[in-house]
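Participant: One line per chain: the protein sequences are E and X, in this order. Using the working numbering, the first residue of the first sequence is number 1, and each one after it goes up by one. Using the working numbering, the first residue of the second sequence is number 1, and each one after it goes up by one.
In short, the hints are calculated from the structure, not lab data. Please note that the accuracy of each hint is not assured.
DSSO-like, lysine-lysine: derived pairs with alpha carbons at most 27 Å apart [as the list claims (entries may be wrong)]: (1) K123/X x K74/E; (2) K100/X x K356/E; (3) K178/E x K190/E; (4) K74/E x K291/E; (5) K491/E x K526/E; (6) K526/E x K492/E.
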Amino acid sequence: MQLTLWTYEGPPHVGAMRVATAMTDVHYVLHAPQGDTYADLLFTMIERLPRRPPVTYTTFQARDLGGDTAELFKDAARQAHARFKPNAMLVGASCTAELIQDDPGGLALALNLPIPVVALELPAYQRKENWGASETFYHLVRALVPAGHSRTPLEGRPAVCNILGPTALGFRHRDDVKEIRGLLEELGIKVNVVAPLNACVADIRRLPEADFNVVLYPELGRTAAQWLQRSCGQPFTQCIPYGVNGTLDFIAEVQQLAGAADPAQTREAFMQSSRARWYAKSVDSTYLTGKRVFVFGDATHVIAAARVAQTEMGFEVVGLGTYSREFAREMRDAAKLYGVEALITDDYLEVEDQVKALQPELLLGTQMERHIAKRLGIPCTVISAPMHVQDFPARYAPQMGFEGANVLFDTWVHPLMMGLEEHLLGMFREDFEFHDGAAPSHLGSGHGAPAKAAAPAQQAEQIHVAQDASIASDATVDITGWAPEAEKELKKIPFFVRGKARRNTELFARERGLSRITVETMYEAKAHFSR
Amino acid sequence: MTPVIPIRSDSSGCDQSPVITTERGQREVFCGLTGIIWLHRKIQDAFFLVVGSRTCAHLIQSAAGVMIFAEPRFGTAIIDERDLAGLADCNDELDKVVNKLLSRRPDIRTLFLVGSCPSEVIKLDLSRAAERLSRQFNPAVRVLNYSGSGIETTFTQGEDTCLQSMVPVLPTLPSGSKQRLMVVGTMADIVEDQMRRLWTDMGITDVDFFPPRNSTALPDVGPDTVFLLAQPFLADTSLALEARGAKRLAAPFPLGVEGTTAWLQAAANAFGASQDTFDNVTRAARQRAESALARQRTQLEGKKIFFFPDSQLEIPLARFLHREMGMELSEIGTPYLHRKLMAEELAMLPAGSRITEGQHVENQLDRCHADAPDLVVCGLGLANPLEAQGLTTKWAIELVFTPIQGYEQAADLAELFSRPLRRRIKLAA
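Work out the full structure: start from the sequences and follow the hints.
Facilitator: Printed below as a string of structure tokens:
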């Protein structure tokens, strides 16, 4: 039993719903008690879909448990087929129905429906949402793709690919698909099928007609792609087209798979045309250099975002992690690139503790990290699911491809203090408008670090001090404290870097066995740590 | 999923009665766990620990788009496969979780163990667990348990089972005490204060609200307690209070001017306040509410409204909207109909009103489309799809999360219904 106050991922049947809802003619019959219909609102309210998810819930109640819940399931499946006339049906159980062991797969088979019925076994007490989506898509593909197909060799004809992985309730999937489809077409590669998003059953059957698969979201599409590789001989992409460099690598990879020549030339042309790349190079971006950033979210987005942060924005990745346990190995490998330890957890309090300890200047995370950042007064941008209504912007805002890289530049830089403004704040601390709660001027008073955030920020500092104190007691030297004038000097440092200054100074003092921190110590530490 | 079963048809014989149909099928409603969203805000020193699955945790955080400002006062002990395989003793595991939780949260005075579908299907006995843990943490923390499971409860019934679990631990009001009034059911703090002021002005000062804002300030109960239900979904709590000797004051619910007046009056009568006193005390607020409602009425009059089942507030709302706002009633869906508690409300509905208890959502949607109402009150899962089909909707959940009871809120309540209509006109223009 695990105490959970908040969860990054829903149960696996919600993953199955994301696949069913993404598609146009699949219906999901879910054996579930009253109340599980809450999941509909994820799609109708958060994603604002103008239609109900294609899901029928059996809605059993306590009084049914003594009776025939199996019959209830069969009635529901029969009625759903008659009413919605889907071309394929998914059947399965939510967590409670899993316990009553009615075998929805067997029951649905007994109905002899004239459509393919795919039984899903999604262990709700072990697995989570993304795994459920991946498994559902894989089983659907496996059940629908016909056996015995042969593709004609490329031999000069234009290559054809599928795009696998985008689902309903995905982080910018809608816009990523548009962006990457456009990019592939620009490269002369035809897109055969995008699945599961907006695909129909007939589309899934046509998957083998492509030469290779583009896997945009490995958490959701890799299992199906691996099966297609084994059974249809279709290779699939490993590069994620995220950021300018990621997109360039992706282009090289697909051109190789498509048998196209001279990726080097295209690379140069694309690089020249990237606005994000130029903006990052422009002198006004110098202030971004070495900003300490912490990244948390699903594995794919975090690994890709960390690379962009370090190599395209010139930040320093001081920590990263994921809630996708299935991708812990990939995450640990990525962490090695930055010389940090990956945080693999689905407990947001652990993430919060790490953020407090690291005092980053920017957080890239999920909606939960946005809240953590708000509490700690740290700028933050959301880069990953779980989804919030704000993550479905009305405008076109992909994360992938070259336009995606532009969006990343804008949205990551936006919450930060602008370069010159930061300098002025540093120089004229005593100006009454430069109080601790002063937000970046372009964000207005309600954003980023509003006046109210000053209190949590101070609190965070206090917690931080407490933590440091505990560390200090383990160390050989006790720091008896800050001299009052040093404390006053510290207050002159803008709040968003003050935590770091305090931490560095104390670290410096400890290393040198200084028990009291004076103004001198502070500036010595500053010189020592200056980058 | 069986088609509509007309279990009872009350239309024969008496023209005054509404037509009540019961149906079964897919229900587009929340389970009782959802009540935690407002209960944990109302009772400020209580923690709600759901013993359930990831689905339960996901439901609560999704249902209200719950924003976590600090550590929330609710959580889920997620049962995992080790618990189910018998590799771990569920009770030991639960004790561990509770110990961990309470050591983190020394401010908690009452801990509710909340049963869920999975915990009930595996027959995890939370009442024994609550007794055991209560002994362990006595006197610092009281541990209670109730069911919020979807197999037992619908949405607001979670508050009923929660309050019911508190009734046995209410202190006893000794027989022969001065009569006290207990107001039962969560209302906004500001509404409670308004009600208390009105009664105080009538000379009724011995008034308690249940649930209290603080779980250590429980109201006394005994044969000299009379109670008024502020919410219609408290059938089991009502029975539990009666079992402790308290007497329920039958009244319509305090929605709209008419409902509020009758509800306040029921208490006034029980305490022997004169009609003059009552009229004098309530006059100003009543007149304010009436004139504010008159403005709302121009927008709502003659409009047809359809209720999908949600909170059990549907019947009192329909009564208010019909009698005070002149709206035409299409179908009134309710997840559950308690005839005794609803008797006064049912009597005020127009003859032949169509009430549906339970739900078969597909059939109900068919009826909704056939009726072509001007306004549909429904849950979050249905609202946008219906809007996309050209209907105008009002989310039902807002009616539970907004102060709507009493005179000062009567126009706010009406405005919740007129706003979607006004918005549609604005956007069309």
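Participant: Out of the numbered hints, which ones does the structure contradict?
Facilitator: 4
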